[in-house]
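Asker: Given next are the chains, with one letter for each unit.
There are 2 protein chains.
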Amino acid sequence: MFSKNKSKFIKSLQIKKFRTEYKKFLVEGAKSILELINSDYFINELFVTEKFYQENRAAISQNKLTTEIISESDLSSISSFSNNNAAIAVATMKDNEVISATQNEFALILDDIKDPGNLGTIIRIADWYGISKIICSETTVDFYNPKVISASMGSFTRVSTYYCDLEKFLPTVYVPVYGADLDGKNVHDFSFSPGGYLLMGNESEGLSSQVKKHITEKIHIPRYGYAESLNVAVATAIICDNIKRKI
Amino acid sequence: MFSKNKSKFIKSLQIKKFRTEYKKFLVEGAKSILELINSDYFINELFVTEKFYQENRAAISQNKLTTEIISESDLSSISSFSNNNAAIAVATMKDNEVISATQNEFALILDDIKDPGNLGTIIRIADWYGISKIICSETTVDFYNPKVISASMGSFTRVSTYYCDLEKFLPTVYVPVYGADLDGKNVHDFSFSPGGYLLMGNESEGLSSQVKKHITEKIHIPRYGYAESLNVAVATAIICDNIKRKI
Numbered sequence: 008m009f010s011k012n013k014s015k016f017i018k019s020l021q022i023k024k025f026r027t028e029y030k031k032f033l034v035e036g037a038k039s040i041l042e043l044i045n046s047d048y049f050i051n052e053l054f055v056t057e058k059f060y061q062e063n064r065a066a067i068s069q070n071k072l073t074t075e076i077i078s079e080s081d082l083s084s085i086s087s088f089s090n091n092n093a094a095i096a097v098a099t100m101k102d103n104e105v106i107s108a109t110q111n112e113f114a115l116i117l118d119d120i121k122d123p124g125n126l127g128t129i130i131r132i133a134d135w136y137g138i139s140k141i142i143c144s145e146t147t148v149d150f151y152n153p154k155v156i157s158a159s160m161g162s163f164t165r166v167s168t169y170y171c172d173l174e175k176f177l178p179t180v181y182v183p184v185y186g187a188d189l190d191g192k193n194v195h196d197f198s199f200s201p202g203g204y205l206l207m208g209n210e211s212e213g214l215s216s217q218v219k220k221h222i223t224e225k226i227h228i229p230r231y232g233y234a235e236s237l238n239v240a241v242a243t244a245i246i247c248d249n250i251k252r253k254i
Numbered sequence: 008m009f010s011k012n013k014s015k016f017i018k019s020l021q022i023k024k025f026r027t028e029y030k031k032f033l034v035e036g037a038k039s040i041l042e043l044i045n046s047d048y049f050i051n052e053l054f055v056t057e058k059f060y061q062e063n064r065a066a067i068s069q070n071k072l073t074t075e076i077i078s079e080s081d082l083s084s085i086s087s088f089s090n091n092n093a094a095i096a097v098a099t100m101k102d103n104e105v106i107s108a109t110q111n112e113f114a115l116i117l118d119d120i121k122d123p124g125n126l127g128t129i130i131r132i133a134d135w136y137g138i139s140k141i142i143c144s145e146t147t148v149d150f151y152n153p154k155v156i157s158a159s160m161g162s163f164t165r166v167s168t169y170y171c172d173l174e175k176f177l178p179t180v181y182v183p184v185y186g187a188d189l190d191g192k193n194v195h196d197f198s199f200s201p202g203g204y205l206l207m208g209n210e211s212e213g214l215s216s217q218v219k220k221h222i223t224e225k226i227h228i229p230r231y232g233y234a235e236s237l238n239v240a241v242a243t244a245i246i247c248d249n250i251k252r253k254i
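Residue numbers (our numbering), protein chains in the order written: chain A, 8 to 254; chain B, 8 to 254.
Because the hints were derived from the structure by calculation, they are not lab data. Computed from a predicted model, the values in this text were never measured in an experiment. One thing to keep in mind: the hints can contain errors.
For identical chains, the list gives no copy identity; a pair is met inside one copy or between any two copies.
Straight-line distance between alpha carbons at most 27 Å, and here's what the computed DSS-like set of lysine-lysine pairs gives [claimed, not checked]:
| id | residue 1 | residue 2 |
| --- | --- | --- |
| 1 | K175 | K58 |
| 2 | K38 | K219 |
| 3 | K192 | K220 |
| 4 | K11 | K253 |
| 5 | K140 | K225 |
| 6 | K121 | K13 |
| 7 | K121 | K154 |
| 8 | K225 | K71 |
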C-alpha cells in the first residue's frame, strides 16, 4: 500500500507554493521521465509501475535512482494526468539564474504567458529550433507547473528559463529585440541578425506597452485569410522558422 | 428563472450524440458569438447577459435573433466554460457535404486528430492562411465540439469541413497531396504547386500507413535542435507559412 504521507507530498507539488517551498517538481509519463533520466536534473525519487520498471530497468539501475514500484491505480491517483500507466518522478528544481543571449544566439522573452499548454508548447518549439534560453516575466506561468512540463514533451530538460522583471532586464540587452507588431516588417522578406531576442506577449493582450517600447525591430507574420490573430505558440513557431531558415 | 428543460437541452449539446440528433451546436463567449452573428450559420436561440445585450443590441436586433437575457450565473451553469459572462448561442449544424480543392487552391486533410484544442487551432491557422476547406477522417474529433468551436476563435464560421473515409476520398484526388515524412524534402527550399492538399496525421501516431501511401510529395520541416517532434497544429502552421510565402 502506497504511503498516505508520500501521496500527499507528491500531490502538493502540483501547487506552485509547495514546489517553491520544497524546490521540487513533478515529471509524469513515460517519454518525459526517460528524457529526465538522461538530463542533468537531480531525481529525488521515482514511482513506477512494474511494467515501466521492467521495460526501463537498465536506465533506472544505471542511474542508481531511488525507485518504488506502485500499482497503476496508485500512480493515477497521485498524477495530474487522469491516466498514468508509466511513472512519476520527483525532481529538484534548478535555481533561477540570470541567462542572456550571446551575440550569435537567439533566445526568447515571454511577457505574461498564462496558459501552461502554451508555455510547454513554446518550450518544445524552442528546443526544435535550437533555442535553449527563455526569459520569462514574473507573471508568466511557472515553468515547473506539471502541465507545462507535460506539454513540453521532454524539451524542458534542454531549455533554461530565467524569471525576472522584464522592465529591468530589457534595458540591459545589447542584441536586437524582435517583437510582433501589425506595423512591423514582413518576416518573409526580413533579414534577421545572427542573434537576438524574440519577444512574445500575452494570449489575449499581446505585449504590454512598457515591454513593447524595448522592441528594436518590429516584425509581422503575413496573413492570407481572415483570422484576427494566431495562437501565441503558433506565432512563435512561425517566426522561429523564419529566423532559422537560410533560404 | 431559467427553464430547467432549456438548461438540460443546452447542456446535452456538449455531447456529440445529441448534437447529431438535433443537428444543433453551441457557440460560447463574446468573440465567437459576434463572428457567428456575422456568418451564414442559422442561429436558433441566443442566451445573453444584460451587459452583452446592451453592448451588442444593434447586431442582435438587426439580425432578428430570438434572444433571452439570463443571469451570469445561469449562463455559466449551462456553459462548457467555467466562466461565461457574455453569451451562448444554439445554432444549426451544416450538412456534411463533399468539398474538394480546386486546381489553384490549398485544402487540408486531417487524419485522426483527436484533441479538440488542436482541431480548433488548426481551423484558426487555416483561416489565417486563406484555407477554407478541411477534409477530416471520420475518426477526427467533431468540428462542432464546443472546445473545437472555442479554440477556433471564430474561424469556424469561415472554414468548411467534410468528414469522410479518407481511404475512399484520397484516390479521387487529382492535385498534389503533400505530407510530412522524415525522408521528405525540406519545406524551406521546396516549390509547392499553386494548389493541393496538405495531409496531417494523429498527435502521437502520425499518418496511418493506409493514408500515407496517397502522399504524392513528401516534405519535412527542418530541425535545428533536439525536440523529437512538433505539435500537429504548430507543424500545420509552419508548413502553411512555407506554402503561402512568395519569397
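Asker: Each hint should be assessed against the structure and marked as holding or not.
Answerer: Taking the hints in turn, this is what the structure says about them:
For the identical chains of this complex, K175 and K58 are neighbours neither inside a copy (49 Å) nor across copies (39 Å), given an alpha-carbon limit of 27 Å. Taking identical chains as interchangeable, the C-alpha atoms of K38 and K219 lie at most 27 Å apart only when they sit on different chains, with a minimum of 25 Å there against 37 Å within one chain. Taking the shortest alpha-carbon separations for K192 and K220, only the intra-copy value of 16 Å comes in at or below 27 Å, while the best inter-copy value is 40 Å. Within a single copy, K11 and K253 get their C-alpha atoms no closer than 55 Å, and across copies no closer than 61 Å, so neither meets the 27 Å cut-off.
For the identical chains of this complex, K140 and K225 are intra-copy neighbours only, at 21 Å inside a copy versus 32 Å across copies, given an alpha-carbon limit of 27 Å. In this assembly of identical chains, K121 and K13 lie within 27 Å of each other by CA distance neither inside one copy nor across copies; the values are 30 Å within and 34 Å between. Both within a single protomer and between protomers do K121 and K154 lie at most 27 Å apart by alpha-carbon distance, with minima of 12 Å and 18 Å respectively. Taking identical chains as interchangeable, the C-alpha atoms of K225 and K71 are never at most 27 Å apart, the minima being 50 Å within one chain and 43 Å between chains.
The structure shown violates the earlier hints numbered 1, 4, 6, 8.
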